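Asker: I would like the entire structure built from these sequences, with the hints used as guidance.
Going line by line, the protein sequences match chains C and S.
If you count the first sequence from 1, position 91 lands on 91 in my numbering, and the numbers rise without skipping.
If you count the second sequence from 1, position 173 lands on 173 in my numbering, and the numbers rise without skipping.
Keep in mind that the hints were calculated from the coordinates and are not lab data.
All of these numbers come straight from a predicted model, not from anything done at the bench.
A pair counts as met if it fits within one copy or between any two copies, since identical chains are not told apart.
In silico lysine-lysine, DSS-like type, Cα no more than 27 Å apart, as pairs:
(1) LYS20 with LYS83
(2) LYS42 with LYS83
(3) LYS42 with LYS20
There are 2 protein chains.
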Amino acid sequence: MTDEAGLADLLTQRLGYLMKHAYLRLADLLGAALAPYDVHPKELGVLSVIGADGAERSQNELASEIGMDRTTMVSVIDALEGKGLVERHRSVRDRRRNVVTLTETGITCLREADRARVEAEAAFLAPLDEDTAGQLTAALRTLYDAHATGSAPARTAVPGQDVAVCPGDRPGSATPRPKD
Amino acid sequence: MTDEAGLADLLTQRLGYLMKHAYLRLADLLGAALAPYDVHPKELGVLSVIGADGAERSQNELASEIGMDRTTMVSVIDALEGKGLVERHRSVRDRRRNVVTLTETGITCLREADRARVEAEAAFLAPLDEDTAGQLTAALRTLYDAHATGSAPARTAVPGQDVAVCPGDRPGSATPRPKD
DNA sequence: TATTGTTATACTCTATAACTATA
DNA sequence: TATAGTTATAGAGTATAACAATA
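Answerer: If you want it as structure tokens, here you go:
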């Protein structure tokens, strides 16, 4: 831990560095808070969309609405089903579709784990006063909306490309990238 | 793209969702902005630490200061060396250490790519007015400092554990981490 | 022919373990 | 014995391609 002051400043002046570490720290906190309920943050997100309203959703609909790949959704539903939190039902109207519903256990898990999620978020934001925390969330939501709708570049245009349509989570590809 | 309004609200009320997508979007923008200079964001970070001051740094020192694994640093330096941006010099005082220095090309690349980085960050923040953007950055820095120093939990304690000492970037393990 | 769920596969990123050469 | 660099390997996470069943 030989952190010189100047170096720390240099790192924390980079927005990417700050954003990455904020994300990783929050992900750690969420993962730890949800561990007692035996659900991953990603799984909780799926659970809450399934339980969002009365609407029946197929795996494919869940995937596209959350911005997750179809094949990733398969493994998530596999895991949730294995834990007894959701059930797959073949749709009678279109037998290709798997309608996913919460079990009683799943409803309970969603309620309790989601409370833990809120607490973990509060713990993450605890170093900020309430106003600042609210402004942070509002700013992130503004950025999300702006970049998701594709109306992003304005002040200083980035040459290569414009932002994708929020196709979920891609660690790899950014541009074309002929792989070096 | 069948986004119902209520569902979108549900997703953007989750701090983890917002933070993750903000991070991914920024990472995309940074990657695209840096692509013309043939450097990855991670590599630019290493370049800038090498060029931070006159101090000579070994690979190991670079790794621990940035919070990157030793073995990851090897491949980063490999890549940078392959591009002619840095050079490895065996330290005469301790022949185990590789002192890493910038080449002329590396200095130029650092200067130009870092300008592109600043522009990409500005483009990312463009949807926010200047005050809000400044507050966002300040809030992120506050969170970074608070969680890195381990003085995090205050308002609502998370049961399982307390935050690690910012050991860099870990995608996998969340909780059971003695090792610091 | 197109779509849903599924499987198999590949790719990225990062960490762990073990080896070497120095100390 | 311990440390710096290196290599090989493993793991998590996600995406792409192909296949079967259904429309």
